[in-house]
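Asks: Chains as they are written, first to last, in my numbering: chain A, 1 to 259; chain B, 1 to 397.
By construction, these hints were calculated from the structure, which means they are not laboratory data. Any given hint could be a false lead.
Said to hold, decoys possible - Straight-line C-alpha distance at most 30 Å; calculated DSSO-like pairs for lysine-lysine: (1) LYS53/B / LYS227/A; (2) LYS364/B / LYS227/A; (3) LYS334/B / LYS180/A; (4) LYS227/A / LYS49/A; (5) LYS329/B / LYS227/A; (6) LYS180/A / LYS53/B; (7) LYS180/A / LYS203/A; (8) LYS146/A / LYS329/B; (9) LYS180/A / LYS156/B; (10) LYS49/A / LYS197/A.
Said to hold, decoys possible - Beyond 12 Å from chain B on every Cβ pair, some chain A residues (computed): (11) LYS2; (12) PHE111; (13) LYS118; (14) MET194; (15) ALA196; (16) ILE201; (17) LYS203; (18) ALA207; (19) PRO231; (20) ASP253.
In this text the structure is predicted, and so the values were computed from the model without any measurement. Each residue gets a CB set at the ideal place from its N, CA and C atoms; glycine is no exception.
Chain by chain, the residues:
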Amino acid sequence: MKIIVCIKQVPDAKDVRLDPKTNTLAREGVQSIMNPYDQHAVEEAVRLKELLGGEVTVLSMGPPQAEEVLRQAISCGADHAVLVSDRAFAGADTWATSYTLAKAVNVIGAFDLLLCGKQAIDGDTAQVGPGLAMRLQIPYVTCVQKVRQATDSGLVLERMMDDGYDVLALDYPALLTMVKDINEPRVPSLKGKMRAKKLEIRKLTAADIGADPACIGLPGSPTQVVKVFPPEARCQRAVFTGSLDEQIGQLVDSLQPYL
Amino acid sequence: MLIIDKDVCIGCGNCESACPFGAITIVDGCAVVGDGCTLCGTCVETCDPGALKIEGAEKSAPLDLASWSGVWVYCEFRRGALAPVSLELLGIGRRLADTRNVPLSAVLIGSETGETARQLIAHGADTVYRIDDPALAHFTDEAYGAIMTALIQQNKPEIVLAGATAIGRSFIPGVATTLGAGLTADCTQLAIREEDGALLQTRPAFGGNIMATIVCPNSRPQMSTVRPKVMQALTFDGERQGNIVEVKPMPEQLATRVRVIESVVSEEDNVNIQESDILVAGGRGLDSAKGFTLMRELAESLGGAIAATRAVVDAGWIGYPHQVGQTGKTVAPKLYIACGISGAVQHVAGMQSAETIVAINRDKDAPIFDVADFGLVGDLFEIVPKLLTQIEERRKS
Ligand SMILES: Cc1cc2nc3c(=O)[nH]c(=O)nc-3n(C[C@H](O)[C@H](O)[C@H](O)COP(=O)(O)OP(=O)(O)OC[C@H]3O[C@@H](n4cnc5c(N)ncnc54)[C@H](O)[C@@H]3O)c2cc1C
Ligand SMILES: Cc1cc2nc3c(=O)[nH]c(=O)nc-3n(C[C@H](O)[C@H](O)[C@H](O)COP(=O)(O)OP(=O)(O)OC[C@H]3O[C@@H](n4cnc5c(N)ncnc54)[C@H](O)[C@@H]3O)c2cc1C
Ligand code: SF4
Ligand code: SF4
Numbered sequence: 001m002k003i004i005v006c007i008k009q010v011p012d013a014k015d016v017r018l019d020p021k022t023n024t025l026a027r028e029g030v031q032s033i034m035n036p037y038d039q040h041a042v043e044e045a046v047r048l049k050e051l052l053g054g055e056v057t058v059l060s061m062g063p064p065q066a067e068e069v070l071r072q073a074i075s076c077g078a079d080h081a082v083l084v085s086d087r088a089f090a091g092a093d094t095w096a097t098s099y100t101l102a103k104a105v106n107v108i109g110a111f112d113l114l115l116c117g118k119q120a121i122d123g124d125t126a127q128v129g130p131g132l133a134m135r136l137q138i139p140y141v142t143c144v145q146k147v148r149q150a151t152d153s154g155l156v157l158e159r160m161m162d163d164g165y166d167v168l169a170l171d172y173p174a175l176l177t178m179v180k181d182i183n184e185p186r187v188p189s190l191k192g193k194m195r196a197k198k199l200e201i202r203k204l205t206a207a208d209i210g211a212d213p214a215c216i217g218l219p220g221s222p223t224q225v226v227k228v229f230p231p232e233a234r235c236q237r238a239v240f241t242g243s244l245d246e247q248i249g250q251l252v253d254s255l256q257p258y259l
Numbered sequence: 001m002l003i004i005d006k007d008v009c010i011g012c013g014n015c016e017s018a019c020p021f022g023a024i025t026i027v028d029g030c031a032v033v034g035d036g037c038t039l040c041g042t043c044v045e046t047c048d049p050g051a052l053k054i055e056g057a058e059k060s061a062p063l064d065l066a067s068w069s070g071v072w073v074y075c076e077f078r079r080g081a082l083a084p085v086s087l088e089l090l091g092i093g094r095r096l097a098d099t100r101n102v103p104l105s106a107v108l109i110g111s112e113t114g115e116t117a118r119q120l121i122a123h124g125a126d127t128v129y130r131i132d133d134p135a136l137a138h139f140t141d142e143a144y145g146a147i148m149t150a151l152i153q154q155n156k157p158e159i160v161l162a163g164a165t166a167i168g169r170s171f172i173p174g175v176a177t178t179l180g181a182g183l184t185a186d187c188t189q190l191a192i193r194e195e196d197g198a199l200l201q202t203r204p205a206f207g208g209n210i211m212a213t214i215v216c217p218n219s220r221p222q223m224s225t226v227r228p229k230v231m232q233a234l235t236f237d238g239e240r241q242g243n244i245v246e247v248k249p250m251p252e253q254l255a256t257r258v259r260v261i262e263s264v265v266s267e268e269d270n271v272n273i274q275e276s277d278i279l280v281a282g283g284r285g286l287d288s289a290k291g292f293t294l295m296r297e298l299a300e301s302l303g304g305a306i307a308a309t310r311a312v313v314d315a316g317w318i319g320y321p322h323q324v325g326q327t328g329k330t331v332a333p334k335l336y337i338a339c340g341i342s343g344a345v346q347h348v349a350g351m352q353s354a355e356t357i358v359a360i361n362r363d364k365d366a367p368i369f370d371v372a373d374f375g376l377v378g379d380l381f382e383i384v385p386k387l388l389t390q391i392e393e394r395r396k397s
């Protein structure tokens, strides 16, 4: 089994908050972490490897610091790491991101499974996985909550829906995106950490993957952000007075339209 | 790339304080951009001397934009029923189409759709493309995607909207990729820009911490998935006229590599909290799974459903379909009653668009009160039973 997992480095959401006065994201102490969903994707890949044999390659597009999340994935059981990094990728939307990742996957070579997180907690679009599958012309399943059966030729999966779940079967190659219910990611082993420290990360530039400059970064992005602003502040909270019973009475008054 | 003209920059720092991503800093009296830059362009406008420029933004117009015309809505049909978001999309779609002075079309894909197409016309559609085939009874990304892609290629609409549901957010990104079209995820506002008729798509990102407005200047169609419960449906008007176009799916469109073995409705979690007008939400303050009994009583009394924080879902007190927040569902009910919930950003991200928020928490400094319209400080085990009694009394009088 050859499995490739796409992982993204994101700012830790706990720390991210827009300051309504300055209109900027608070940046003090904002740590970079591996996108939480991608941790589940890495874990699932390592479990499938343990079950069926094979190897796991982790792939990230991002600035040089994204190496950190690749090393983290290695310490959790991945075998190889590839970083595609180039100034020319800056400003990529999901269309350009899926193009770039597809080009990189082609350089990595043949695979059976490609795993992604359901979504990245910064861009929040959940569009890169499906886009990548279309570019590689392989089938995909989003929001996988359980792998019921895994063999050398294919998988039986549960995919989360709004009203329950669907049970699906497919053959390799395919792309899956993972929700957090799928597993509990392991903590890195000591041996894994040692390996992660030493491992050579393969670095690819836009030229290495043969990317068309018109398809990457800002020029390759059909969507363009034209404005960023803080969410509308909610109206001031009404303050109730008196005893608790009186306050509850005032609340019930206010809720009259909903009763 | 963000280009900084060092000779022009006066080091005033306007750009530094304007950048939402903290990506630009002043070093030795001159602006320097770091890797966090998303090329959002916010800083460019704030630089009075004009030292900043984004390069690569202008593309040679690659296609004839004017040949794309009309607004399309994908109407989701599953298990014999139309997803309510479809009617909301027709509501906003009608507004956009009228502003652009173009027709509004609906795409209905499924099996045994019955009178649904007529219903779509009554809610605003001028044309309904109906693809009704037994092979489409179950949703698959491949079949639905192939059909949608082909229809768009043949008819060239300028705007395509779909619900930001599990189904919409799964197959629409595939369609957009094949078409080479820009797709904006999970929009909460849509409008037409006056100067050029472009679609202004506004959406929350970074877990709801910022809002971004996005345009697709050089690609067509302009595609968005739209969050349920945000847009207004038009009232049913049986007199409205429209035409229904039957489309036969090609055999190769129906051939899928992913096989649906079964489609399971979760019994216990049968309600989709995204569709509920009233949500009673419980957090760790409930103390144990038993605490949800009280939540259910309140929900029943109000005719609402149950929501929860991740903390209690992780603790196993209630199932994941009830989780609201960044890693759960995003909801926008009319009324959201948060009981024993601290109001962590990741939770608030999923519920802040509720019309009215009530918070019940014993800690007067809990951040949930910052987003609440009404707050009660105290023990929920005391407040909720009293609230129930008073609601009953109010109803009787
Ligand atoms: C405020 C803001 C709003 C935006 N809105 C949109 C929008 O509406 N539409 C749009 O097309 N773009 C949008 N973008 C751009 C988008 O965030 C980037 O394209 C980003 O590179 C990928 O999107 P995402 O973070 O949403 O990833 P998702 O699609 O949510 O990520 C899903 C999975 O794809 C994989 N993945 C994603 N990125 C990478 C990567 N760099 N390396 C390796 N694996 C990866 C991971 O497995 C991840 O779990 C927006 C950007 C900003 C700053
Ligand atoms: C990447 C990431 C993603 C996340 N995604 C989500 C998400 O999608 N959804 C989500 O909800 N969380 C999410 N979280 C977790 C989030 O950060 C909080 O930990 C969680 O929301 C807290 O849940 P809570 O409010 O139930 O618990 P707590 O924070 O423990 O709050 C309990 C509250 O109950 C009050 N209380 C206690 N007893 C009583 C009483 N008797 N009467 C009245 N009040 C009482 C307390 O004062 C306290 O404010 C995420 C975290 C991370 C890191
Ligand atoms: S706003 Fe312009 S002039 Fe001022 S510091 Fe930034 S780049 Fe320089
Ligand atoms: S383009 Fe946007 S992200 Fe980049 S430096 Fe300017 S304001 Fe910051």
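Asks: Each hint should be assessed against the structure and marked as holding or not.
Replies: A quick look at each hint next to the structure:
no., hint, result
1, LYS53/B / LYS227/A, "15 Å, holds"
2, LYS364/B / LYS227/A, "35 Å, violated"
3, LYS334/B / LYS180/A, "28 Å, holds"
4, LYS227/A / LYS49/A, "44 Å, violated"
5, LYS329/B / LYS227/A, "25 Å, holds"
6, LYS180/A / LYS53/B, "40 Å, violated"
7, LYS180/A / LYS203/A, "29 Å, holds"
8, LYS146/A / LYS329/B, "19 Å, holds"
9, LYS180/A / LYS156/B, "38 Å, violated"
10, LYS49/A / LYS197/A, "22 Å, holds"
11, LYS2, "19 Å, holds"
12, PHE111, "16 Å, holds"
13, LYS118, "9 Å, violated"
14, MET194, "28 Å, holds"
15, ALA196, "22 Å, holds"
16, ILE201, "17 Å, holds"
17, LYS203, "15 Å, holds"
18, ALA207, "16 Å, holds"
19, PRO231, "5 Å, violated"
20, ASP253, "9 Å, violated"
Consistency note: the structure conflicts with the earlier hints numbered 2, 4, 6, 9, 13, 19, 20.
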